[in-house]
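Undergrad: Dock chain B against the given chain A, drawing on the hints supplied.
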Amino acid sequence: MAEHTAMPPGTTGPVHHKDYHAAKMGMWLFLFTEILLFGGLFLLYASYRAKFPMAFHAGGASLDVFLGGLNTVVLITSSLTVALSITALRRGEITRCLWLLAFTVACAGGFMVNKAIEWGAKFHHGLVPGSEHMAGLPQGQSIFYGLYFAMTGLHGVHVVIGASVLLWVMLLIRQGKVTGADYVVLENAGLYWHIVDLVWIYLFPLFYLIS
Amino acid sequence: MTGTDSDTSASMYTGTGEAHAHAPLSYRFLTAVWVGLMVLTAVTVGVARVDLGYFNVLVALGVASCKALLVIFFFMHLKYENLLIKGMVLTAFVILAIAIGLTFVDIGYRY
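Those sequence lines, one after another, are chains A and B.
First residue of the first sequence? That's 1 in our numbering, and the numbers climb one at a time after it.
First residue of the second sequence? That's 1 in our numbering, and the numbers climb one at a time after it.
These are computed hints drawn from the structure, not numbers from a lab.
Positions of the beta carbon are idealized from the N, C-alpha and C atoms, including for glycine.
Treat each hint with caution, since some may be false.
[Unchecked claim] Computed footprint of chain A on chain B, listed as stretches where at least three residues anywhere in the stretch have a Cβ under 8 angstroms from a Cβ of chain A: (1) 24-32; (2) 50-56; (3) 66-74; (4) 79-93; (5) 96-109.
[As the list claims (entries may be wrong)] In the PhoX-like style, the derived pairs of lysine-lysine whose C-alpha atoms are separated by at most 25 angstroms in a straight line are: (6) Lys51(A) / Lys122(A); (7) Lys86(B) / Lys18(A); (8) Lys24(A) / Lys86(B); (9) Lys18(A) / Lys177(A); (10) Lys177(A) / Lys24(A); (11) Lys79(B) / Lys122(A); (12) Lys24(A) / Lys79(B).
[Said to hold, decoys possible] Label pairs and their calculated CB-CB ranges: (13) Ala116(A) / Leu52(B): 30 to 36 angstroms; (14) Arg96(A) / Asp51(B): 25 to 31 angstroms; (15) Ala23(A) / Leu58(B): 36 to 42 angstroms; (16) Gly87(B) / Lys18(A): 19 to 25 angstroms; (17) Ala116(A) / Gly53(B): 33 to 39 angstroms; (18) Gly108(B) / Leu36(A): 19 to 25 angstroms.
Excised from the complex, chain A in its bound form (with noise of 0.2 angstroms):
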């Protein structure tokens, strides 16, 4: 793996000045950003929580815990993909990396079709962002799903971003511009979708598994 590029002693040659060390720790540095995001919001959410057990443990309950736990499981499943995507990336089998990613996006998009299948249910008992009926809910209750709508759509959102990005890196690893030997894009990137899944994390058993 080690090529080091030996460069003949005396030729200077072309020198990307590429410093893999601050490009992960720019990413990282973003990620925390991220972080604190998500963490106000979470926040929030126990806040409230506090304030309105009830309510909050009925909300809870009247979510699918089927489709958040398969949702669990279709994000760590996408996370193991991306992780799989780097070594292959450096062992030189770009076919496996391109199909693993790819995978990787499938598992977005799937993701992004269970939650608007979720959502979908809620629109139809009325349960819509900003409508009269929702506010006419008693406080806990409108909070609650208030947060819900909020925080599971902030973290669509990132799933939709993330997708995009890993597609981008999909085009960059075809076109020769990240490979084997200069990667970090592609670490960066699924850095970016590893945060999606950690976020889904706490947001699963949070919203789905209180009741």
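TA: Chain B in isolation, oriented as in the chain A frame:
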């Protein structure tokens, strides 16, 4: 190359971006981590069906945090990063813990 913390200065500017320390994680190892995550997911769904009162939340958050550690350390390779990044991640989570902890000091005595 198994060094994880000591190789930063030597490999900062190799010009190719190949300045990483660790060998790629094996497919087998990553899959084992995934199995662990699946088991913990099953545990958290199972425990939620048992009424433990207040402890349900603590168990759910505990299991979720175990899953988070698996994802962060192995899928996100934190275990193999240098001390600087490890320290940064720790700082971020400590700040989050302070924010959540202090909020609960307030909420706990409010209602």
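Undergrad: Against this structure, judge whether each hint is valid.
TA: Going down the list of hints, with the structure as the test:
A count of 6 residues in the segment 24-32 of chain B with a Cβ less than 8 angstroms from any Cβ of chain A is obtained; the coverage claim is therefore met, three being the minimum. Counting residues of the segment 50-56 of chain B whose beta carbon lies closer than 8 angstroms to any beta carbon of chain A gives 1, which falls short of the minimum of three for the stated coverage. Taking a C-beta to C-beta cut-off of 8 angstroms, the segment 66-74 of chain B contributes 5 residues in contact with chain A, enough for the three needed, and the coverage statement holds. Check result for the segment 79-93 of chain B against chain A: holds, 8 residues qualifying (beta carbon to beta carbon below 8 angstroms, three or more required).
Coverage of a stretch by a chain is defined here by at least three residues with a beta carbon nearer than 8 angstroms to that chain's beta carbons; for the segment 96-109 of chain B and chain A the count is 7, and the condition holds. Only pairs whose Cα atoms come within 25 angstroms are accepted, and Lys51(A) paired with Lys122(A) is accepted, the gap being roughly 24 angstroms. Of the supplied pair hints, the one linking Lys86(B) and Lys18(A) holds, its CA atoms being roughly 21 angstroms apart against a limit of 25 angstroms. Restraint check for Lys24(A) and Lys86(B): satisfied, since their Cα atoms lie roughly 12 angstroms apart, inside the 25 angstroms limit.
Using a Cα cut-off of 25 angstroms, the hinted pair Lys18(A) and Lys177(A) holds, with the two alpha carbons roughly 13 angstroms apart. Between Lys177(A) and Lys24(A) the CA atoms are separated by roughly 18 angstroms; this keeps the pair inside 25 angstroms, and the hint holds. Distance hint between Lys79(B) and Lys122(A) is unfulfilled; the C-alpha atoms sit about 41 angstroms from each other, more than 25 angstroms. Pair hint Lys24(A) plus Lys79(B) holds up; C-alpha atoms about 14 angstroms apart against a cutoff of 25 angstroms.
A beta carbon spacing of about 33 angstroms between Ala116(A) and Leu52(B) agrees with the range 30 to 36 angstroms that was offered as a hint. Between Arg96(A) and Asp51(B) the Cβ separation comes to about 46 angstroms, which falls outside the hinted range of 25 to 31 angstroms. Take Ala23(A) and Leu58(B): their Cβ atoms lie about 38 angstroms apart, and the range 36 to 42 angstroms holds. Look at Gly87(B) against Lys18(A): about 24 angstroms separates their beta carbons, and that is inside 19 to 25 angstroms.
For Ala116(A) and Gly53(B), the hinted distance range of 33 to 39 angstroms is satisfied, since their beta carbons lie about 35 angstroms from each other. Checked against the given bound of 19 to 25 angstroms, the beta carbons of Gly108(B) and Leu36(A), roughly 22 angstroms apart, stay inside it.
Hint compliance for this structure: hints 2, 11 and 14 are not met, and every other hint is.
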